[in-house]
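Asker: Sequence:
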Amino acid sequence: MPKSIVAALQIGALPGGKGETLEQILSYENAIIESAAALVVMPEALLGGYPKGEGFGTQLGYRLPEGREAFARYFANAIDVPGVETDALAGLSARTNANLVIGVIESAGSTLYCTALYFDPQAGLVAKHRKLMPTGTERLIWGKGDGSTLPVIDSQVGRIGAVVCWENMMPLLRTAMYAKGIEVWCAPTVDEREMWQVSMRHIAHEGRCFVVSACQVQDSPQALGVDIANWPAQRPLIAGGSVIVGPMGDILAGPLRDGPGLLTAEIDTDDLVRARYDYDVVGHYARPDVFELTVDERAKPGVKFSA
Numbered sequence: 003m004p005k006s007i008v009a010a011l012q013i014g015a016l017p018g019g020k021g022e023t024l025e026q027i028l029s030y031e032n033a034i035i036e037s038a039a040a041l042v043v044m045p046e047a048l049l050g051g052y053p054k055g056e057g058f059g060t061q062l063g064y065r066l067p068e069g070r071e072a073f074a075r076y077f078a079n080a081i082d083v084p085g086v087e088t089d090a091l092a093g094l095s096a097r098t099n100a101n102l103v104i105g106v107i108e109s110a111g112s113t114l115y116c117t118a119l120y121f122d123p124q125a126g127l128v129a130k131h132r133k134l135m136p137t138g139t140e141r142l143i144w145g146k147g148d149g150s151t152l153p154v155i156d157s158q159v160g161r162i163g164a165v166v167c168w169e170n171m172m173p174l175l176r177t178a179m180y181a182k183g184i185e186v187w188c189a190p191t192v193d194e195r196e197m198w199q200v201s202m203r204h205i206a207h208e209g210r211c212f213v214v215s216a217c218q219v220q221d222s223p224q225a226l227g228v229d230i231a232n233w234p235a236q237r238p239l240i241a242g243g244s245v246i247v248g249p250m251g252d253i254l255a256g257p258l259r260d261g262p263g264l265l266t267a268e269i270d271t272d273d274l275v276r277a278r279y280d281y282d283v284v285g286h287y288a289r290p291d292v293f294e295l296t297v298d299e300r301a302k303p304g305v306k307f308s309a
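With the working numbering as the guide, the letters of the sequence shown map in order to residues 3 to 309.
If you are wondering where the hints come from, they were derived from the structure by calculation, not from laboratory data. Just to be clear, a hint being listed does not mean it is correct.
[Claimed, not checked] Subject to a maximum C-alpha distance of 27 Å in a straight line, what follows is the list of computed DSS-like cross-link-like pairs (lysine-lysine):
hint, residue 1, residue 2
1, LYS146, LYS54
2, LYS130, LYS54
3, LYS5, LYS54
4, LYS146, LYS302
5, LYS5, LYS182
6, LYS306, LYS130
7, LYS302, LYS182
8, LYS302, LYS130
9, LYS146, LYS182
10, LYS146, LYS306
11, LYS130, LYS146
12, LYS130, LYS5
Note that the coordinates shown come from a computational prediction; the quantities given were computed from them, not determined experimentally.
Could you build all of it, start to finish, from the sequences and the hints given here?
Answerer: Encoded structure:
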């Protein structure tokens, strides 16, 4: 069916860790069922957390012991993929009959990745995307993904793909996702700025696709009982701003500010043909005689063994 309900679940990682946060996610089961959402997108780093303001004891040229301890605590809060948390999320997908896209911190060996996971109501965990380029000091704590995790998959709402936070500003990544036939662009994030809203509307308009952006919400340092350097004590660490955008760049729902909630909108993928009538960025509006993009989708392990 071309018409369906899509949703952004705006919540935040809880101080009690991944177990408490998972329970919070599962508590929205009835709300998801009542909304009739066929796709629910959840924020970046929701399971595992986004430690905004944490310096991990790093100065240029050296690292302090307390930073290593902070990283060890953060690592312990990451999840295995697959693992007990993904099993629970697969169950939620099945019970709500909704595809899920959720941002997690994935541990693999001794490295962490900022990852988006895809769940299908019948098949469970079906794909993942590791963030290609951690932003700024995120590079201290997260590894980089490679081209082997750039899925665009069929779902009950159309072809969906996930691009995490500032990856959305990588023009060549966007072009690759457009070429894969994306119809519903999922954007897990922690970016609360007004400029993020501009980016989401631009991507919807550029790709002539629907965009569902889910942002975390986090209380102020004062409410959390912590001191964050160079951040106002009463200002929320992450104020939300989840939004759903149509293929002409028009806002269908949101932005949702300053609190949790399930943001929903009805979409009709038949609108994509109408929207692309005068602009198909990888079709009739492309110039392959002038520009060509090559995407390397091979996995790039650091060590390879040959029998």
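Asker: Next, verify each hint and record whether it holds.
Answerer: Hints, verified against the model:
1. Only pairs whose Cα atoms come within 27 Å are accepted, and LYS146 paired with LYS54 is accepted, the gap being roughly 19 Å.
2. Distance check on the hinted pair: LYS130 and LYS54 sit about 24 Å apart at the alpha-carbon level, within 27 Å; holds.
3. Taken as a hint, the LYS5 and LYS54 pair is broken in the structure, with Cα atoms around 38 Å apart against an allowance of 27 Å.
4. Distance check on the hinted pair: LYS146 and LYS302 sit about 11 Å apart at the alpha-carbon level, within 27 Å; holds.
5. Distance check on the hinted pair: LYS5 and LYS182 sit about 21 Å apart at the alpha-carbon level, within 27 Å; holds.
6. At most 27 Å may separate the alpha-carbon atoms for a hinted pair to count; LYS306 and LYS130 meet this at roughly 22 Å.
7. Straight-line distance between C-alpha atoms of LYS302 and LYS182 comes to about 21 Å, which keeps the hinted pair within the 27 Å bound.
8. Between LYS302 and LYS130 the alpha-carbon distance is near 16 Å, which keeps this suggested pair within the 27 Å criterion.
9. At roughly 21 Å between alpha-carbon atoms, LYS146 and LYS182 fall within 27 Å of each other, so this suggested pair holds.
10. Proposed proximity of LYS146 and LYS306 is supported: the alpha carbons are some 18 Å apart, at most 27 Å.
11. A C-alpha spacing of about 14 Å is found between LYS130 and LYS146, which places the hinted pair at or below 27 Å, so the restraint holds.
12. Restraint check for LYS130 and LYS5: the C-alpha separation of about 25 Å stays at or below 27 Å, so the hint holds.
The structure is inconsistent with hint 3 alone, although it conforms to all the rest.
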